[in-house]
Structures are given as structure tokens and as C-alpha cells.
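Enquirer: Sequence:
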Amino acid sequence: MTHQNFISKPRRALLIGINEYPNFDEQEQLKGCRNDVELARRTLLARGYDAGEISTLLDAEASREGIFDALEKLARFAESSASKGAPAEIFMHYSGHGSYCKKQRKSSGQSETLVPYDSGRRRSDRNLDISDEWIRLWLQEVRRSAGSVVLVIDSCHSGSMARNAFGVRRRLLPPSALPPEPPPPRWLGGRGLGGDGLERAGYVLASACRADQAACEIGARQGNPSSAYGAFSYYFYRNLRNAQDGAMWIDVFELARLQVTSAFPTQNPQLEGDRQKPISTGEPRLGDRYVLVSRRDGHEIRLDGGILHGLVEGSIWALYPPGTRVPETDQQTARAEVLEVESTTARARLLDGAPPDAILPGFRAFELRRPESHQRLKVFVQLEVAGVSAPQDLIAGLQSAPGVALTDSPDEADFRLLEQSCFSEPSTWQAWLPGDVPLGTAQNIDDPEGLSNLIANLVKWARYRQMLDLASQRPWMPCELQFLAETDEGWAEAETMLEGGDFSFEVGQRMAFKVSNLSREPIFPYLFHLSDQGEVHLLDPVRGGHEALAPGQSRTVGKGRRKLTATWTGGLEYIQLFNSLSEVDLSFLTQSGFRGLGGPDAVDTGSSGEASIATGLLGSIAARGMSIEEAETWGTLKRSFRVFKRH
Numbered sequence: 006m007t008h009q010n011f012i013s014k015p016r017r018a019l020l021i022g023i024n025e026y027p028n029f030d031e032q033e034q035l036k037g038c039r040n041d042v043e044l045a046r047r048t049l050l051a052r053g054y055d056a057g058e059i060s061t062l063l064d065a066e067a068s069r070e071g072i073f074d075a076l077e078k079l080a081r082f083a084e085s086s087a088s089k090g091a092p093a094e095i096f097m098h099y100s101g102h103g104s105y106c107k108k109q110r111k112s113s114g115q116s117e118t119l120v121p122y123d124s125g126r127r128r129s130d131r132n133l134d135i136s137d138e139w140i141r142l143w144l145q146e147v148r149r150s151a152g153s154v155v156l157v158i159d160s161c162h163s164g165s166m167a168r169n170a171f172g173v174r175r176r177l178l179p180p181s182a183l184p185p186e187p188p189p190p191r192w193l194g195g196r197g198l199g200g201d202g203l204e205r206a207g208y209v210l211a212s213a214c215r216a217d218q219a220a221c222e223i224g225a226r227q228g229n230p231s232s233a234y235g236a237f238s239y240y241f242y243r244n245l246r247n248a249q250d251g252a253m254w255i256d257v258f259e260l261a262r263l264q265v266t267s268a269f270p271t272q273n274p275q276l277e278g279d280r281q282k283p284i285s286t287g288e289p290r291l292g293d294r295y296v297l298v299s300r301r302d303g304h305e306i307r308l309d310g311g312i313l314h315g316l317v318e319g320s321i322w323a324l325y326p327p328g329t330r331v332p333e334t335d336q337q338t339a340r341a342e343v344l345e346v347e348s349t350t351a352r353a354r355l356l357d358g359a360p361p362d363a364i365l366p367g368f369r370a371f372e373l374r375r376p377e378s379h380q381r382l383k384v385f386v387q388l389e390v391a392g393v394s395a396p397q398d399l400i401a402g403l404q405s406a407p408g409v410a411l412t413d414s415p416d417e418a419d420f421r422l423l424e425q426s427c428f429s430e431p432s433t434w435q436a437w438l439p440g441d442v443p444l445g446t447a448q449n450i451d452d453p454e455g456l457s458n459l460i461a462n463l464v465k466w467a468r469y470r471q472m473l474d475l476a477s478q479r480p481w482m483p484c485e486l487q488f489l490a491e492t493d494e495g496w497a498e499a500e501t502m503l504e505g506g507d508f509s510f511e512v513g514q515r516m517a518f519k520v521s522n523l524s525r526e527p528i529f530p531y532l533f534h535l536s537d538q539g540e541v542h543l544l545d546p547v548r549g550g551h552e553a554l555a556p557g558q559s560r561t562v563g564k565g566r567r568k569l570t571a572t573w574t575g576g577l578e579y580i581q582l583f584n585s586l587s588e589v590d591l592s593f594l595t596q597s598g599f600r601g602l603g604g605p606d607a608v609d610t611g612s613s614g615e616a617s618i619a620t621g622l623l624g625s626i627a628a629r630g631m632s633i634e635e636a637e638t639w640g641t642l643k644r645s646f647r648v649f650k651r652h
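Count along the sequence shown from 1, then add 5; that gives the number in my numbering.
Worth flagging that the hints you see were computed from the coordinates, not collected in a lab. Be aware that a few hints might be false.
Claimed, not checked - Below, computed lysine-lysine pairings styled on DSS-like, alpha-carbon distance capped at 27 angstroms:
| id | residue 1 | residue 2 |
| --- | --- | --- |
| 1 | K519 | K650 |
| 2 | K383 | K282 |
| 3 | K78 | K383 |
| 4 | K564 | K650 |
| 5 | K14 | K89 |
| 6 | K78 | K89 |
| 7 | K643 | K519 |
| 8 | K519 | K564 |
| 9 | K89 | K36 |
| 10 | K383 | K89 |
| 11 | K568 | K519 |
| 12 | K383 | K643 |
| 13 | K568 | K643 |
| 14 | K643 | K564 |
| 15 | K568 | K282 |
| 16 | K14 | K282 |
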């Protein structure tokens with residue numbers, strides 16, 4: 006099947022595969038890297054590439070100088086295309102050994118490296134490894150002129166760049182005690198490193214494993230070493246070849262990740278950069294939140310989400326094929342009821358007599374509803390206008406909205422939706438908070454967009470509240486979260502507030518957050534920002550890939566090239582830390598802000614005009630703590646802050 010719109014011209018692909026390493030022993034030679042390159046080449050051709058747009062470097066061709074020359078050509082091609090008003094699309098694949106060594110520019114720390122054909126580890130050999138620092142330098146430069154850049158790295162220790170055996174080989178080399186030699190002079194002239202300055206937009210980096218892991222080779226045919234492939238490459242390109250037009254890179258990656266970790270639990274592929282970037286040209290089609298089906302056992306399935314994701318027993322989930330972003334009822338394959346929820350996974354039972362063979366790992370599960378006891382937001386509705394269908398649509402939407410429950414008592418409601426006027430044409434409705442505080446402006450009762458926005462906002466409020474309730478539990482692991490602010494004298498701890506929050510920042514002030522592991526085990530920290538407009542951002546890991554934080558070590562977000570600056574909102578905001586003993590995909594928790602309720606004057610919940618939607622609503626909701634029994638492998642920590650204007 007040929008896909009004409011895979012990547013728009015101008016475009017170039019560089020595919021690197023190294024099986025033979027003359028400076029290493031026989032057991033350190035690889036089998037599947039050239040096969041990976043051929044698999045990648047065939048996939049690109051099937052997706053619409055021309056043969057002349059694909060370059061390959063195999064074995065001796067992939068020397069250090071050969072790789073640098075090829076990367077330089079890609080950078081120059083991107084610059085030339087941009088100067089002609091046609092930003093290029095760049096694709097690069099590497100299969101070979103990965104390793105690590107002492108950082109070239111710093112006195113301490115280690116760099117993950119790609120190992121070219123001519124590098125070595127003996128005393129007489131030169132360390133010609135290419136460090137992740139220089140890969141990021143190249144990536145940062147190319148992104149300035151290219152339309153997009155996609156990198157696929159299938160090697161050990163590849164997680165921070167942005168092979169264990171399936172009975173075959175490891176793509177793993179021992180570390181070098183020496184830093185790699187500097188790159189050619191043309192790569193040094195006034196160019197800054199990527200680091201925290203490398204933002205998500207414009208690139209995708211898919212790597213075979215984390216920086217502390219080995220990548221696997223898989224024998225596609227038993228007993229035939231010539232048919233070996235990198236496990237990640239094998240699954241990634243098979244899924245890419247079959248991806249439908251309109252698919253995004255996350256659609257391809259998450260299936261490959263699931264397939265790799267099912268075969269090799271100690272190998273966790275990573276995706277960083279623009280997770281929503283479309284494979285074909287065009288704008289990404291964003292969709293609803295979902296969790297994956299990771300395993301099926303007869304009429305039971307395992308969902309890749311648990312307590313940390315907000316799943317609850319008794320909730321009902323709709324199951325759709327891989328790649329589904331906006332679920333439609335007529336495309337629903339089956340439904341499932343959650344029977345048991347653990348920290349990061351859940352067990353569910355298929356409903357409606359669905360044939361179990363119809364549900365496969367990689368299917369997406371979207372929440373339909375949850376038990377009354379777990380609804381987080383009580384809504385009272387009184388809209389009775391004859392002949393108007395919109396209120397009935399609203400009732401149906403609220404009844405099916407996860408986290409929202411209708412109540413017959415206006416006194417018990419967190420949120421009231423009342424008819425504003427039945428004498429005007431058309432009639433209007435008004436949203437109210439407890440205490441007769443109006444939320445937004447009056448809306449036309451037959452405006453479907455206003456009602457749709459209202460339901461979407463209520464669901465987001467319920468999710469927001471759920472995260473805050475989860476953060477109220479006692480932290481499990483000893484972990485410190487510090488708020489830092491930049492002053493004229495340098496960085497210092499942020500000022501504590503006397504009331505209305507834990508810390509305060511001035512508008513325009515740079516802010517940073519430091520996480521310290523005080524436990525005796527490595528942990529995976531996840532740092533979220535919950536804005537007072539309902540937004541939930543994942544601050545760290547910033548680009549998608551994640552590495553463990555060792556005991557006694559710290560990680561600071563916002564102090565380096567990636568700047569975080571305090572902006573005025575007027576409401577209370579939160580920084581929430583989740584820490585876990587194992588890597589978890591918590592992207593499910595992120596969400597955009599509230600949709601408009603009547604234009605720029607809609608957010609008016611107090612006489613000062615400065616209170617936000619979230620602050621007004623959350624302040625009216627009685628605290629309802631979550632009952633959580635299992636907390637042996639994860640913990641939470643929450644702090645609040647406000648941004649003020651200095652007069």
C-alpha cells in the first residue's frame with residue numbers, strides 16, 4: 006500500500022546500520038542492524054519516499070567521520086530548502102551499539118553515546134563515540150530550518166538521545182573511561198547545546214529503551230541469525246507501514262512500545278518531542294483521553310492505567326481499535342467494566358457478549374461512566390422550556406459525563422444550571438456557583454456549542470479535583486520538592502505566603518522546581534502544573550522520555566535553558582509531584598484549559614473580577630478525599646502558589 010502523503014517534499018532520509026565492529030570481540034558483533042536499515046528503507050518506500058531521497062551508511066561506511074558528514078549534508082539540505090520557502094522533512098535512523106562515557110565538556114556525569122564503526126575500547130583505540138550532547142546539538146540546529154525532524158534510535162542507552170537478546174544479541178558495550186574526541190571543528194563554532202532548550206515542537210525522537218537499559222535483537226525466524234532485527238525496529242516499522250493516513254507518531258510508537266515490553270519487560274522504549282505530530286502532512290487531530298489495553302486473557306483484559314490515572318472499580322470503558330482519537334458509538338468494538346484497580350494497571354471484564362478475540366493489545370479504552378459513589382462533581386439542572394431540545398441533550402450529556410453526577414437537590418449541588426429567562430427570544434441559561442455567584446455570562450439555551458463547552462468544562466473540573474484529592478494523601482517515598490525563584494542575587498527559595506497558598510512569585514519572575522530523592526531507591530518523578538484555568542501540564546519529564554532519579558540526587562526544572570516564567574492569573578495554582586518505583590505513562594492526566602463560556606467576560610466569579618473559573622468552583626466544593634489502600638510503590642506531594650503584581 007503506497008501512501009502519497011507520508012512526508013511532503015522536499016525530504017531526505019538517512020539510515021545507519023552497523024553489524025561489524027573491527028575493534029571489538031566476536032561476541033560484541035551484531036546481527037540485525039543492517040536488516041533494520043533495509044526494513045526502514047522498504048517502509049519509507051511503501052509510504053511514498055523515492056529511492057533517491059534515502060541514503061544509507063552500512064558498517065565501514067558508518068565511521069565517525071562518515072556519520073558526521075551525512076548529518077552535515079542533512080543540515081545543509083534543510084537550510085537550502087528553507088531558503089527557498091519549502092522547509093524540508095528529515096528522517097534519521099540508527100541501529101548499532103550504544104554505550105556511555107564521561108562527559109566531554111563537564112568534569113562529572115556521563116553521556117550516552119552512539120558507537121560508530123571505527124570506535125574502540127582498548128587502550129590503543131580511539132574513543133570515537135558520538136555523544137547525545139552532539140546529537141542534540143545537530144537536532145537543535147536542523148530544527149531551526151526543517152519543517153520537521155524524526156529520529157529513530159535502536160541501540161542500548163538510547164533513552165536520553167533523543168540491543169538484550171530475543172535469543173540473539175545485546176546492542177550493549179562497556180563504558181569508556183575517557184570522553185569521546187571532540188567533533189569536527191565545524192560543529193563547534195558558536196552553537197549551543199540542546200539540553201533544556203530543546204522544546205517539543207518540530208521533532209520526534211523514538212528510542213529503543215531508557216538510558217539505563219539494553220535494547221534487544223529479535224530473530225524473526227527461529228535459528229536463522231541472518232533474519233535478526235532490533236526488537237524495537239521490527240515492531241516500529243511494521244506498525245508504521247500499516248499506519249492509516251491521518252495517524253500520528255504516538256499511534257505507531259505506543260503499539261511498538263507495548264509489543265516490545267510484552268516480550269522484554271526490562272526494555273522500555275521512549276518517545277520524546279511532539280507526540281501529537283502527524284505522520285502525514287496536515288494538522289494533528291487531537292482527541293479524548295484514553296488508556297491502552299495491554300493484555301487479554303479470555304473475557305478479561307488488563308488496562309494500562311490505575312489509581313494514579315484515576316481509574317476506579319465499577320467504571321465502564323468503551324473499547325476502540327488502535328489509533329482511535331475521537332470515539333464514535335458506531336465504531337465501538339466492545340465495553341468493559343473495571344473489576345480491580347492497582348497502582349498503574351487495572352483488571353476489567355468484557356461486557357455485551359463481545360468476542361474476546363476481537364480485543365487485542367493496543368486497543369484504546371475511553372471512559373464512559375463511573376459509579377455514583379465516585380462522581381466528583383454534583384450538578385443541579387433546572388431548564389424547562391417547551392419545544393427546545395438542547396436541554397435534553399444537555400441532560401443526556403451530563404448523565405454520560407465521567408466524574409459528573411446529577412442531583413435533585415440544589416442545596417447539595419456544586420454547580421447549578423438555571424433558566425435565566427423564558428420570556429426573551431431565544432431563552433437563556435446561566436451557570437451558578439454556591440452562594441449565588443454567577444459563572445460566566447448567560448447563554449442561548451439552543452446553542453449547542455455553549456452546552457457542549459459546559460459539559461467539557463465540568464468533566465475537566467472533575468478530573469482537576471480528582472488530581473488534587475489524590476495529592477492530599479500521605480507521601481510514600483521520602484522526597485523533597487523545593488520552589489525556587491530568580492532574584493537579583495541569583496536563585497533562592499521562593500517566598501512563602503502568609504495566606505492563600507504555600508509560595509508566591511512576582512509577575513515575570515523566573516521560577517524553578519527542584520525534586521530531590523531522599524529515599525534509598527531510584528525513583529521516577531513526574532512533576533505537574535495545575536493552572537487555575539483547568540490546564541494540567543507535565544513539566545517533567547519535559548520531552549516524554551524519562552530516566553530514574555538516583556538516591557541522593559536532585560533534578561531541577563526551569564533553571565536551565567528551558568525557562569519557566571510566572572504569569573498573572575489571579576488564582577491559586579498547584580505543583581504536584583508523583584513519584585514511582587517504576588516508569589509510568591501519566592500523559593493521560595494532562596488536559597487543556599476550560600473552554601469559553603460567553604467570551605472574554607465569561608470568567609467573572611467575584612466582585613474583584615480577578616477570581617478564576619477554577620478558583621471559584623474549587624473553593625465551593627467540599628473536600629471529598631479518595632480512599633486509597635495501595636500506595637507501596639508510589640507517592641504524591643502537592644504545593645500551591647500564587648502570582649502577584651507588585652504595585
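Enquirer: For every hint, state whether the structure bears it out.
Expert: Each hint, compared with the structure:
1. K519 - K650: holds, 24 angstroms
2. K383 - K282: violated, 37 angstroms
3. K78 - K383: Violated, at roughly 60 angstroms.
4. K564 - K650: holds, 22 angstroms
5. K14 - K89: With a Cα-Cα distance of about 12 angstroms, the restraint between K14 and K89 holds, given a limit of 27 angstroms.
6. K78 - K89: Roughly 17 angstroms separates the two Cα atoms, so the pair holds.
7. K643 - K519: Given that 27 angstroms is the threshold and the Cα spacing comes to 13 angstroms, the pair holds.
8. K519 - K564: holds, 9 angstroms
9. K89 - K36: Distance of about 42 angstroms is beyond 27 angstroms: violated.
10. K383 - K89: violated, 57 angstroms
11. K568 - K519: The hint holds at about 14 angstroms.
12. K383 - K643: holds, 25 angstroms
13. K568 - K643: holds, 21 angstroms
14. K643 - K564: At roughly 20 angstroms apart (the allowed maximum being 27 angstroms), K564 and K643 satisfy the hint.
15. K568 - K282: Roughly 23 angstroms between the alpha carbons, so the hint for K568 and K282 holds.
16. K14 - K282: Holds: K14 and K282 sit about 17 angstroms apart, inside 27 angstroms.
Comparing the model with each numbered hint stated earlier shows that hints 2, 3, 9 and 10 do not hold.
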